[in-house]
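S.K.: Fit chain B to the known structure of chain A by using the hints.
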Amino acid sequence: MNIKLNIQAWCSVQNGTVICNGKKIVSTDNEQGFSEFAKQVYKNQQWEYPKFFKMDRLSKLTFLTAEILLKELTISSEEKEQLAVVLSNKSASLDTDRKYQDSINSIENFYPSPAVFVYTLPNIGMGEVCIRHKIQGENAFFVFDDFNPLFLKQYAESLAQNNKAPQVLCGWTEIDEKGYNSFLYLASPNGTLPHTEETIKKLYTQS
Amino acid sequence: MKKGVAITGMGIVSAIGNSVEENLEALLTSKSGLGISKHIQTHHKNTIKVGEVGFTNAEIAKKLNLPKDNNYTRTALLGCLAAKEAILNAGIKSISEYKTGLISATTVGGMDMTENYWKQFASNPEVQKYIWSHHAGDSTEKIATSLGVTDYVTTISTACSSAANAIMLGTRLIKAGKLDRVVVGGTDALSKFTINGFKSLMILSESNCTPFDANRSGLNLGEAAAYLVLESDEGVALQNKSVLAYVSGYGNANDAFHQTASSKTGDGAYLAMKKALKIAGLQPSDVDYVNAHGTATQNNDLSESVALQRIFNEKSPSFSSTKAFTGHTLAAAGAVEAVFSVLALQENSIFANLGFKMTMPETGLVPVTQLQKKELKHVLSNSFGFGGNCSSLIFSEA
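Line by line, the protein sequences are chains A and B. Numbered by my numbering, the letters in the first sequence go through residues 99 to 305 in order. Numbered by my numbering, the letters in the second sequence go through residues 252 to 649 in order.
So that you can see chain B by itself, here it is in the shape it has in the complex:
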C-alpha cells in the first residue's frame, strides 16, 4: 500500500460553522445547519431549506480587512476565509518559501453579485466593478492574492465534483514533483441562479433532506468553502510537520449516460471508486467508511447505492451522507466532505446520516444514522457531477 500525499492543514466555512472546530462540534453533536435563508431575497424563501453561512458579506469583508470599494463576491469572500484558515492550520508563515499552488473549484462564480446588479450594469458606474468579478476565475485569483500564491493558480468547474477534482489535480501535481505544496478546495455561494435552476429540475426538497431514505424528496442547496493544504513528503520531513491524513487514492470517470442524470447502474460512480482503490493499492474491504455523495435526490441516491453494492460486492462498509448537515454545496462539496473525512479519521467517528427513516426497497442499504465511534483507517468520499463527471477520493490515517 502506498501512503499518498500528506494533508497538513484544513479550513472550512459552512452552514454548520465558520471553522474546522465549529464544523467538528456540529458533526459530533449531529446538529444540522439547514434552515430558512436569511441573506437571499428569493420567492422560494419560505418553501425551501438551505445551508447558509451565518456571516453577512459585510462581516466577512471586515474580517478580511477589505477596503470599502472592494468587488468581492460572496464566493470569493467565503473562499478567502476558509483558505486563510487552512494556511494558518498548516502553520505556513511564508508562502514563497516553497513552490506553492492554488487550485480552487467553483460553479457559481460571481453570479451572486451579477444577479443583484445586472440590470444596473449599463447605467450605474458604482456597481460596474462586479462585472469584473463575475467570471469563475475571479474568486480563485482573489484567494491567491490574499494568500500570496503565485507559482500555480487554476480554477476547476466540473459541477458537483469540482472540488474533488481540485484535490485530485493537486495530489497529482505534488506526486509529479511540480509543486512542493498546494492549497486545494472549492467555494460556492448560494444564489438565486442555482436555487431557480435546481427548482426547475424539480429536485429541491421543501424540508430537510433525507439521503438514502425510501421517501427522500430531493436536495437542499448549501453554500460553503473548504480547503486543504497538501505537501510533498520532502517538505513534510524538512519542516518536521505533523500530518493530518493522506490523500491515498483518487479516481474520475465518465458515466456516459445523460447530461444531467446518473445511470441506474451507477457506472461512472463504480468506475471512479474502482480507480481510486487501485491508485491507493487497497481492496474494497479495506475501506472503513464511505462519506457518500448522497444528495437525497431520487436519481443520485439510487445510482450511488447500486454502485456501492457493485464495488463492495453487497458487503457495503459503514456509509453516510453529510448533506443534511450542510446542504449540497455544489463545487465546494468535495472539499467540505474531504475535511469531514479527515475529521472522521482523526476522531475515529462516523458522522450521522441525518433524516434517514426507511430503507430504499431497491437496495436495502442502511446508512449510519447516529454518530458512531469506530476505528477508521481509510475513508472513501464520493462526489458526482452533472454531465456524468464522477470522482472518488480515498483518505487514509496519518
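Here chain A stands alone, though its shape is the one from the complex:
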C-alpha cells in the first residue's frame, strides 16, 4: 500500500524563540539561559502541568516543543493512541549525564539523586510527551552527528507503509552546554507541505 505523507504541522525552538507553522509563538530575550526560557514559555502558555519542573533540560525542550505543536493541531485521542514518535539528536542525554556524574564525583555534595538518574537517557523526554498525551504508538530515539532529514523521512514512511502508525511525530531535540535547538513536525496523510528531504531540511534551517 502506498501512503503519501505530508508535513501537517511543525514547530521549532531556538535562541529564545518558538515558531510554529511559520508563526512566532514566543519570543524572549536570547541572553537568558534555557531554564529561564522554559519557565517563561510555561507561564506564557498557561500550562498547568507541575511535573514539567521536575524534568531535565532535554525533556523540557522536547516537551515544550511537542506541547505547542500538538496544541496547534486538531488530533483526537484515538489518533494520539496510534501516533508513532521518532526523535533524534546529537548529544543524547549527555547534558544530564554530566550533571549526574558531577553529583557522584562531588566529595562535599555526594548525592546521586534518583530524580536525576531517571533522566539519564535521551528517550525519557519522548516518554514525557507520550505520558502527557497518551501516545502509545511505536517510538524510537536515534543519535546522529547532524540533523538527518532523509532518515526521518524514510523511517516515518516505513512506519506508515507497514501499517505501524498512520501518523508520525518526527524531529530533532538537542541541548548541550553550547545551546539548544529543537524541531518537531507531524508527518501525516493530512496537510499540504510535501514530506520530502528538501522540505524537512528547509523548515529546519529557516526556523
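To be clear, the hints were calculated from the coordinates, so they are not data collected in a lab. No false leads were mixed into what you were given.
Where chain B lies over chain A, by a calculated footprint (3+ residues, C-beta under 8 Å):
| no. | segment |
| --- | --- |
| 1 | 216-228 |
| 2 | 232-244 |
A short list of chain A residues far from chain B (calculated; beta carbon distances all over 10 Å):
| no. | residue |
| --- | --- |
| 3 | I117 |
| 4 | I123 |
| 5 | D200 |
| 6 | L291 |
Just so it is clear, the structure is predicted and the values come from calculations on it, not from any experiment. Ideal placement from N, C-alpha and C gives every residue a C-beta, glycine not left out.
M.R.: Relative to chain A, chain B alone:
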C-alpha cells in the same frame, strides 16, 4: 489461524533446577526455589528471600571448561549453561550449517563482578579483566562464542520485558526470512545492585512472594537464564525435526504512564495482549492459560488483573504466576516463562500460583493455586518492564 514460528529446543537454569527436566519436576511438584542467598554478601541477606541458582561460579566455569583466568561474569556463566542446553535439546550439531542468530537479553550485565571489584579496578591488575566484561553485550558475545554463532548477534535490555522482546525479535527475523534459526532468551545474575535498587523502591518482600493475593507484600528477586531455539518451517521440514511448540503471537506496547509504575488501568498490558492475539489470529476465548507477569508487587498485580479483565471481558481464563517458584528473574523472566509455557502445553498442566490465599478486593480474580491438568492449546505469557515496556507472547501447541 496462523501456526507461527517453531520452537525446537529449550534450555534453562533457575532457582528450581539446572535443566529443563529439573525445572519441570519442581513445577509439577509445586516446589518453590526461594530461600536465603548463599552466594551474595549483602546486609539484607537474612531479611529477604531470593531465587538463587545452586551452582557456584567455579562449578559452572568447570562445567564449561573455562580457563582459570577467564573473565566470565555470573550472568555470562548462567547464559552459556542454558544456551548450550537449548542447542543440545534442539539436536543441533553444526551451527554453521544454517544461518543462525543469537538474541540475548540482560539488564544487570557484568554488575555482579563490578560490584565485587570496582574499588580495586585502579590498583589491582588481576581484577581489571572484569572491566571488559561489565557491559551488557559481554554475556551475549560470550554465549555466541561458546555456541559458535556469528551470523547475527544482538543484546536487548528493556528491563523486565527484555527476554520476551528477544523472543519477539527472533520470531520476526525468522518470519522475515533473515535467519534460518535463532537462539533467543535472556540471562540475569543476582547482584547487590538489583537487590539494593528494588529495596530502595520498597517492593522487596521479606517472605516468599504471593502473586495476586490481597495481602501481597512485594517481589523476590531471582537469577536465571533461559533460551529457546526458533527455526524456520523450511529448516524444520528439511531436517525432519520435532517441534515443541510454536510462537504464534507477540505484542509490545507502551503504557505511557510513568517511569517505574504501571497504570491502574493496565493500558500497556492490555494493548500488548491485544496485539499478540491479533498476530496469532486468535480470539481471547481461545487462550487456555495465562502465565502472568504477576510479580506480587501492589502495583503490577492490580494493573495486570485489570488488563486481564479488560482483554477477556471479565471471563479470565485460568491464570497463574510462577514468580513464587523462581523469583523475579528480570531480563530472563520472559524466557524462563516461555520455557514454562511450552512445558505447560506439552504436559497439559497449569502450574500453581504458590502462596495465594485471599482474593484481591478490586478485581475478585482467583489464580490457579494447585497444579491443574487441563488440555491446553494456547498459552499467553506476559512480561512487563519499567518504563511501561509491556510485552505479551502466545505459545501454541505443536
